[in-house]
Each structure stands twice: as C-alpha cells, then as structure tokens.
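Asker: Same order as they appear, the protein sequences are chains X and B. Residue numbering for the first sequence is 1 to 244, as defined by my numbering. Residue numbering for the second sequence is 1 to 244, as defined by my numbering.
These are computed hints drawn from the structure, not numbers from a lab. There could be a bad hint or two in this list.
One copy or any two copies: either way a pair holds, since identical chains are not told apart in the list.
What the hints assert, rightly or not - Taking lysine to aspartate or glutamate and the EDC-like style, the derived pairs with C-alpha atoms no more than 20 Å apart in a straight line are:
id : residue 1 : residue 2
1  : LYS201    : ASP34
2  : LYS198    : GLU106
3  : LYS198    : ASP129
4  : LYS86     : ASP8
5  : LYS86     : ASP168
6  : LYS86     : GLU130
7  : LYS201    : ASP139
8  : LYS86     : GLU171
9  : LYS198    : GLU123
10 : LYS86     : ASP65
11 : LYS86     : ASP129
12 : LYS201    : ASP183
13 : LYS198    : ASP158
14 : LYS86     : ASP174
15 : LYS86     : ASP177
16 : LYS201    : ASP8
17 : LYS86     : GLU41
18 : LYS198    : GLU116
19 : LYS201    : ASP39
20 : LYS198    : ASP174
21 : LYS198    : ASP183
22 : LYS201    : ASP168
23 : LYS86     : ASP108
24 : LYS86     : ASP34
25 : LYS198    : GLU162
26 : LYS201    : GLU162
Spelled out from the first residue to the last, the chains are:
2 protein chains.
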Amino acid sequence: MIAVAVVDAETSGNVGTIARAMKNFGLRDLYLVDPPDLDPEGEAYGFAGSAREDVLPNATETTFDALVEEFHTVATTATTNEDARKHVRYPFETPAELAESLSAVETDTCIVFGRERVGLTNEELAQVDEVVSIPASADYPVLNLGQAATIVLYELRDLTVEETQHPDAIERADESDIDGLHDQFATLLERINHPDGKRAKTRRLFRRLLGRAHPTPRETRTLRGVLRRASQFAEPPTDGDEER
Amino acid sequence: MIAVAVVDAETSGNVGTIARAMKNFGLRDLYLVDPPDLDPEGEAYGFAGSAREDVLPNATETTFDALVEEFHTVATTATTNEDARKHVRYPFETPAELAESLSAVETDTCIVFGRERVGLTNEELAQVDEVVSIPASADYPVLNLGQAATIVLYELRDLTVEETQHPDAIERADESDIDGLHDQFATLLERINHPDGKRAKTRRLFRRLLGRAHPTPRETRTLRGVLRRASQFAEPPTDGDEER
Numbered sequence: 001m002i003a004v005a006v007v008d009a010e011t012s013g014n015v016g017t018i019a020r021a022m023k024n025f026g027l028r029d030l031y032l033v034d035p036p037d038l039d040p041e042g043e044a045y046g047f048a049g050s051a052r053e054d055v056l057p058n059a060t061e062t063t064f065d066a067l068v069e070e071f072h073t074v075a076t077t078a079t080t081n082e083d084a085r086k087h088v089r090y091p092f093e094t095p096a097e098l099a100e101s102l103s104a105v106e107t108d109t110c111i112v113f114g115r116e117r118v119g120l121t122n123e124e125l126a127q128v129d130e131v132v133s134i135p136a137s138a139d140y141p142v143l144n145l146g147q148a149a150t151i152v153l154y155e156l157r158d159l160t161v162e163e164t165q166h167p168d169a170i171e172r173a174d175e176s177d178i179d180g181l182h183d184q185f186a187t188l189l190e191r192i193n194h195p196d197g198k199r200a201k202t203r204r205l206f207r208r209l210l211g212r213a214h215p216t217p218r219e220t221r222t223l224r225g226v227l228r229r230a231s232q233f234a235e236p237p238t239d240g241d242e243e244r
Numbered sequence: 001m002i003a004v005a006v007v008d009a010e011t012s013g014n015v016g017t018i019a020r021a022m023k024n025f026g027l028r029d030l031y032l033v034d035p036p037d038l039d040p041e042g043e044a045y046g047f048a049g050s051a052r053e054d055v056l057p058n059a060t061e062t063t064f065d066a067l068v069e070e071f072h073t074v075a076t077t078a079t080t081n082e083d084a085r086k087h088v089r090y091p092f093e094t095p096a097e098l099a100e101s102l103s104a105v106e107t108d109t110c111i112v113f114g115r116e117r118v119g120l121t122n123e124e125l126a127q128v129d130e131v132v133s134i135p136a137s138a139d140y141p142v143l144n145l146g147q148a149a150t151i152v153l154y155e156l157r158d159l160t161v162e163e164t165q166h167p168d169a170i171e172r173a174d175e176s177d178i179d180g181l182h183d184q185f186a187t188l189l190e191r192i193n194h195p196d197g198k199r200a201k202t203r204r205l206f207r208r209l210l211g212r213a214h215p216t217p218r219e220t221r222t223l224r225g226v227l228r229r230a231s232q233f234a235e236p237p238t239d240g241d242e243e244r
C-alpha cells in the first residue's frame, strides 16, 4: 500500500492539488501533519476535483513521528547534497527509480511531502528511509509543491493504478489489409504513369512511411478507398477484374 | 525547439503553473491563444515562481491557426477515443512515447494545452498532428490543466533540460573499500564469538545487503569505523597486527 503525507502545508490549495493527483493515480490514503484549515468552501476542496468526495474528507491527521513508525517513508526534495560528504539528502533516487525499487518489495510506504518554501527540515529528512528528487533544470530546479507531488505520483502509477482509461493497445490494421493498401498504391502508380524506373523506390518509400505509423484498421480502410477512387479516376477501368 | 501553447485558459493561475513547469524543465517559448488577463499582481505571476521573470512576460499572443501553420502540433487530452472507429482522439501516445518519438526527429514542436473544463474542441483536435494522453486511473482520469502540463513537460525533460541539478551519478565506494568493510565484519563475527557454523552464512547475508545498496565512500568509511571500534570493544587487541 502506498500512502501520501503532507507535512505542515501553508496553503490549503496545495493539499487539494495533491488530493486530486492521488485520485488521478489510484491512491486513497492521505495523512496530514499540522494541516492548514481545510474549509469545505475553501481552496483545498476547490482544487481537489472529485477527490473532494473521498480522499480529502477521509484524510487522517497525524504526527511526523507516527508516520516514521508506521511506514517505510520516502521524502521528496528539490535540493540534494552534491556528493557523498553529506547524507541528509544523499544518495537520492529519481521518481522513476523509486517506482522501480518499490515494485520489487511488499511494504507499506508513505510518500512524504514537505512545506511549500522550505520542504522538509534536515531533522525530518534524517528520519525518513529514502530520499527522492525530481531531475529538473539546474537553472530552476525548485518545483511547486503540488506539481512535484503530481510528478512523483504519476511515476508510481504502475504500482497504484489498477486500470487506466486507455485501451490496452492501439488497434493496428491486419497485415493483410496493409498489404492490400500497398497493392492499391502500386496500382495507382501504374494508372498515373509514375515513371517506370521510380515505381519500386516510391513503393518502398510509402512502405517505410506506413511501417513507422502502424496504421489502424480504419486508417487503412479509408486510405484504400481513396486510392481505389484515385485509380478509377486516373484511368476508368475497362474490365471488371482490374478493380479490387 | 519545443514550445508550449495554452488555448483559451479561464484562470490565470493555470497559465502561471504551466510557465513554472516550463522553466523547471528547460522550456522558454510560451504562446497564448485568447489568454485571460495576466496582471503582474495576479495569480499567473503568483503561481509562476521565477518564471515570472522571463517565461511569462515574454509570452507571445497568437492564434490557433498560426500555431498549426508554424509548428508540428501535439495536443493533450484526458479523454481518448476507445478504438479505431473515430480518429479525432485516436490513436494517441503516452507522454513517454511522445518523448521517445520526438527524440528521433528535428522539428519545431508545440505542445498545445486546452481549456480547463473542456480541453480542446474536436475541431481544434482535428487540426493538430499528434494526440497525447496521460495514463491515469479509469475512475478519475481527468487531471487539472496545470498538473497535466507539468507531467507532459516532465516527460520531455531529456529533450529540453540541458543540465539538471543532480550530480551525474551517485558516488559509489571503491570495491576495495567495500571489501575491507567485509573483512572487518568477519573480524567482528570472530571477536563476538558468532557461532562458527553460521559465520559464512552471516557474511554472505551482509554481502548481499550491501550489494543491493551500493554504499557510498562515506557510508563505507563510517561503517568500517563502527565495526573497528565494535571489534576493539568485543576483545581488546593484544597485539598490533590484529587491528587494521
């Protein structure tokens, strides 16, 4: 189970943003340490989207020490120590590395987010088990709290989202239909008197283009219709067997 | 070059959030179609972090048609078509797939984000070149505009961030130092009279644990110090060669 905790947030809007990201990525358990006032008419509920119905009202108020005791804790920090001389914010993992390492174990984990301006204190960081840092531009690596949380929860989605809104895979046309399309393209090249010496090259070019694009059944069907009509216009068929 | 456009945003705060994510991930060129009022004292500048100094004031107002003409356009949408019967929002790519496909070509690309509630219209979507959709929970796949933009720009970071704030790689201790640590662990097991029959197993267990953790030079040095002192306390050395 993966839970989320927000420690000492200043603005309730950020709590709402984090609650929304939690629901978007299949998480439910929100813990709050010293939260701001979460007025149902205020910004937390305003920013939470439909997480205002469950994640937010079901949030549990707790203490930092209780989190450390109950969970395998992971803190996020924009600023890391540069090297192995200091270990408060080092070594750290990227969110993608965290997802990978958590996928290999069974543990109740809590992702802990800190204050807006200063994040978690060094004392708090010393108590957590792992440190995560989002790779960002060296010029301006400090993400907004809600945005940082959104990215970390997004990266954990394979562990937390049971079913996405997406179909399993993009539907691709059958090889035989794509082959039929290539035959019709060849027919068109003949009908429009595309130079003999260039036909094979042009067909190969078209094959490479479609090969990269993985056409869907409908794309293939529609293009076949277009090529068929173009061929008919180019040279109206004089006997039945030319049209397929 | 990768640019970002926001079409017809209702709330200026979202424009600020997107500007901040742009700066966090190394992007600079922001285009606005029918933007809300961006008062320097208002929410856009309030949410932009240090992007208030460059990305936001340098934003260009333009039209949707101009974007389509100038750029390879990519739209993001939470809701996709389910299958190949309709092609307005299908096929789509995930943000990670987009990053991969853009890494293979040289093109001026614009990532286009739509309105808060309704996103881009089907008419607008029909004009863009690619559709991207963030995999999220089927229960609630609709991300907030600013959060969706943050994730897409985060995924493009390898194409846009020249240098992150992170060191190149976590510094790992030299193999010889780690080996020295294992020798000292063995010495400790002897000194504390760890059962003869279990020593090899316990050493192997400790070797596996450290092997997974890839200790830093400082971790290794510190643990060696602790083991050395523990060995000394367990059985004070009687002659010089026992201590290393």
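Asker: State for each hint whether it applies.
Answerer: Each hint tested on the structure:
Taking the closest pair of Cα atoms, LYS201 and ASP34 never come within 20 Å of each other, the shortest separation being 69 Å inside a single copy and 46 Å across copies. Taking CA atoms no more than 20 Å apart as the test, LYS198 paired with GLU106 passes in neither setting, with 61 Å inside one copy and 27 Å between copies. Taking CA atoms no more than 20 Å apart as the test, LYS198 paired with ASP129 passes in neither setting, with 65 Å inside one copy and 29 Å between copies. For the homomeric pair LYS86 and ASP8, neither the shortest alpha-carbon distance inside one copy (25 Å) nor that between copies (47 Å) is at most 20 Å.
In this homomeric assembly, LYS86 and ASP168 come within 20 Å of each other (Cα to Cα) only across copies, at 16 Å, whereas the closest approach inside a single copy is 45 Å. In this assembly of identical chains, LYS86 and GLU130 lie within 20 Å of each other by CA distance solely inside one copy; the values are 14 Å within and 45 Å between copies. In this homomeric assembly, LYS201 and ASP139 never come within 20 Å of each other (Cα to Cα): the closest approach is 48 Å inside a single copy and 49 Å across copies. With identical chains, the CA atoms of LYS86 and GLU171 are at most 20 Å apart between copies only, with a shortest distance of 12 Å across copies and 51 Å within one.
Neither within a single protomer nor between protomers do LYS198 and GLU123 lie at most 20 Å apart by alpha-carbon distance, with minima of 72 Å and 38 Å respectively. When the C-alpha separation of LYS86 and ASP65 is checked against a cutoff of 20 Å, the pair qualifies neither within a copy, at 23 Å, nor between copies, at 53 Å. In this assembly of identical chains, LYS86 and ASP129 lie within 20 Å of each other by CA distance solely inside one copy; the values are 15 Å within and 48 Å between copies. For the identical chains of this complex, LYS201 and ASP183 are intra-copy neighbours only, at 14 Å inside a copy versus 67 Å across copies, given an alpha-carbon limit of 20 Å.
With identical chains, the CA atoms of LYS198 and ASP158 are never at most 20 Å apart, being 49 Å at best within one copy and 40 Å at best between copies. In this assembly of identical chains, the alpha carbons of LYS86 and ASP174 lie at most 20 Å apart only when taken from different copies (18 Å versus 57 Å within one copy). For a Cα distance limit of 20 Å, the shortest separation of LYS86 from ASP177 across copies, 18 Å, qualifies, whereas the shortest one inside one copy, 61 Å, does not. For a Cα distance limit of 20 Å, the shortest separation of LYS201 from ASP8 qualifies neither inside one copy, at 66 Å, nor across copies, at 45 Å.
Within a single copy, LYS86 and GLU41 get their C-alpha atoms no closer than 44 Å, and across copies no closer than 40 Å, so neither meets the 20 Å cut-off. In this homomeric assembly, LYS198 and GLU116 never come within 20 Å of each other (Cα to Cα): the closest approach is 64 Å inside a single copy and 50 Å across copies. With identical chains, the CA atoms of LYS201 and ASP39 are never at most 20 Å apart, being 68 Å at best within one copy and 57 Å at best between copies. Taking the shortest Cα distances, LYS198 and ASP174 never come within 20 Å of each other, neither inside one copy (28 Å) nor across copies (61 Å).
When the C-alpha separation of LYS198 and ASP183 is checked against a cutoff of 20 Å, the pair qualifies only within one copy, where the shortest distance is 16 Å, while the shortest distance between copies is 72 Å. Proximity of LYS201 to ASP168 under the C-alpha cut-off of 20 Å is found in neither arrangement, the shortest distances being 36 Å within a copy and 45 Å between copies. Taking the shortest Cα distances, LYS86 and ASP108 never come within 20 Å of each other, neither inside one copy (27 Å) nor across copies (42 Å). Taking the shortest alpha-carbon separations for LYS86 and ASP34, neither the intra-copy value of 29 Å nor the inter-copy value of 49 Å comes in at or below 20 Å.
In this assembly of identical chains, the alpha carbons of LYS198 and GLU162 never lie at most 20 Å apart, being 52 Å within a copy and 43 Å across copies at closest. In the homo-oligomer, the alpha carbons of LYS201 and GLU162 never lie at most 20 Å apart, since the shortest distance is 47 Å inside one protomer and 39 Å across protomers.
Taken one by one, the earlier hints fail for this structure at numbers 1, 2, 3, 4, 7, 9, 10, 13, 16, 17, 18, 19, 20, 22, 23, 24, 25, 26, listed in ascending order.
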